[in-house]
Structure formats: C-alpha cells, structure tokens
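Position chain B against the provided structure of chain A, taking the given hints into account.
Chains A and B are the protein sequences, given in the same order.
Each residue of the first sequence is one higher than the one before, counting from 1 in the working numbering.
Each residue of the second sequence is one higher than the one before, counting from 115 in the working numbering.
None of these hints come from the bench; they were simulated from the model.
Remember, it's a predicted structure, so these values are computed and weren't measured experimentally.
Hints may contain errors.
Stated by the list, open to error - Derived CB-CB ranges, DEER-like:
hint, chain 1, residue 1, chain 2, residue 2, range
1, B, Thr167, A, Asn51, 29 to 35 Å
2, A, Arg22, B, Thr170, 34 to 40 Å
3, B, Pro121, A, Lys9, 28 to 34 Å
4, A, Val114, B, Lys183, 46 to 52 Å
5, A, Pro8, B, Thr197, 23 to 29 Å
6, B, Tyr165, A, Gly16, 47 to 53 Å
7, A, Thr15, B, Ser188, 45 to 51 Å
We put the CB at the ideal spot given by N, CA and C, even for glycine.
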Amino acid sequence: DSGVTQTPKHLITATGQRVTLRCSPRSGDLSVYWYQQSLDQGLQFLIQYYNGEERAKGNILERFSAQQFPDLHSELNLSSLELGDSALYFCASSAREGQNYGYTFGSGTRLTVV
Amino acid sequence: LAKTTQPISMDSYEGQEVNITCSHNNIATNDYITWYQQFPSQGPRFIIQGYKTKVTNEVASLFIPADRKSSTLSLPRVSLSDTAVYYCLVVPNRDDKIIFGKGTRLHILP
Numbered sequence: 001d002s003g004v005t006q007t008p009k010h011l012i013t014a015t016g017q018r019v020t021l022r023c024s025p026r027s028g029d030l031s032v033y034w035y036q037q038s039l040d041q042g043l044q045f046l047i048q049y050y051n052g053e054e055r056a057k058g059n060i061l062e063r064f065s066a067q068q069f070p071d072l073h074s075e076l077n078l079s080s081l082e083l084g085d086s087a088l089y090f091c092a093s094s095a096r097e098g099q100n101y102g103y104t105f106g107s108g109t110r111l112t113v114v
Numbered sequence: 115l116a117k118t119t120q121p122i123s124m125d126s127y128e129g130q131e132v133n134i135t136c137s138h139n140n141i142a143t144n145d146y147i148t149w150y151q152q153f154p155s156q157g158p159r160f161i162i163q164g165y166k167t168k169v170t171n172e173v174a175s176l177f178i179p180a181d182r183k184s185s186t187l188s189l190p191r192v193s194l195s196d197t198a199v200y201y202c203l204v205v206p207n208r209d210d211k212i213i214f215g216k217g218t219r220l221h222i223l224p
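For reference, chain A alone in the conformation it holds in the complex (with noise of 0.2 Å):
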C-alpha cells in the first residue's frame, strides 16, 4: 500500500458519459497529480494541485477538469466520454516543495469506454 488511495479501481462507461475519479494523497502531502496511460501513448501528465491550487497543466483535454478540496483529496472529472479515453488514470502525491522527496503513485484507477 502506498498510501495513495484511488477510487474506484475499474469502471466501465458509455459513450458520451461522465465519470469523476478520487484521489487521497499521502497523509502529510499537499501535491496531487494526475496521469494518463494507455497502451499507446505512455504516460502522460495530466494536471498538477497543490494545497488546493492548479500549479501546472499537461495535455489535459478540455473536457476533463480536476479539483483538490481542502482536506486535499482530489477528484478528476472526465466528460463527453470517448472510446479513447479508456486507459489507466494514476494519482500521484508528493509532500511540498521540492522534487527531492519523489512522488508516491496510487494503484489507479482503469476506465474502460465502450
């Protein structure tokens, strides 16, 4: 366990559908970052929080959106969905500033599309 808990871990969806996906970081962190992997593409930087605020954004499409609520949890939002989007979407923490202490990634969670 590395104590970044995502939720749920597998989910199956429809088409053109919406879906919010949840991230508690570490106890402690105030960084949450989201990723995207799928076979294809590797892993891609989504959108970076942290302590509630968006510091950086990657290939984040516009119809998906994050937010970090003020217990620091994070939920990704992904709407209009596409076949495309199925892929496994990683949760990362680390504790503040300073790439020094890595990130701790959660056990993700895989979005399947049909």
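Just chain B now, kept in the frame of chain A:
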C-alpha cells in the same frame, strides 16, 4: 525540462547485475536525476534519486559522473520480479510536474 534518452528494452538473466544508462545532455544546475520502476497495471514506484556522484539504497545504486550528462541505474543480482519498465527522469528541484518518457523495458530471464 531536460530530455532523457535511455534504451527501449534490455534483457538479462537472474542473478546478474543490470546497468541501465540514461543520457541527459541538457541537464541544468538545479536538476535532480530520478528513477522510477513500473510493473504492469501498477503505478510507477520511486526507486532512487541523486544529484551527483553515487547514491545507494536497499534497491539500487545510481552513478552520476562529474559532468552529470548521463547516469546509470545499477540493479544488483536481479530476479524475475525485477521485470518492469524503468524510467529515467530529470526534474528541477521544485514542485514541478514530471514528464515520463518511454522508459526502458527490462526483461529478466530465468
């Protein structure tokens, strides 16, 4: 962000020492070199991080020459369970996003 180059894949045998080299010619003064390991359908796991010379922990060693333009991850006496993808990353010493490359797919043979 400094670009990294590492072999796409490597094969080795159980009990051998495996060295994976990564080149990062454009590394900046404030950059740290970090390695992650990822098993299929699992999130990447932080292995080791260094700035210069040599760093060792219970899992691996990281060798960084003086010019820091490359680094070598050394896995001693690998086992089948070390079969995974290994990512070399160069990240500034600030809370910044990590961009993962393709990594090195290491396959350990019996």
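**Item:** Violated hints, by number in ascending order, as checked against the structure
**Value:** Nothing - there is no hint that the structure violates, so all of them hold.
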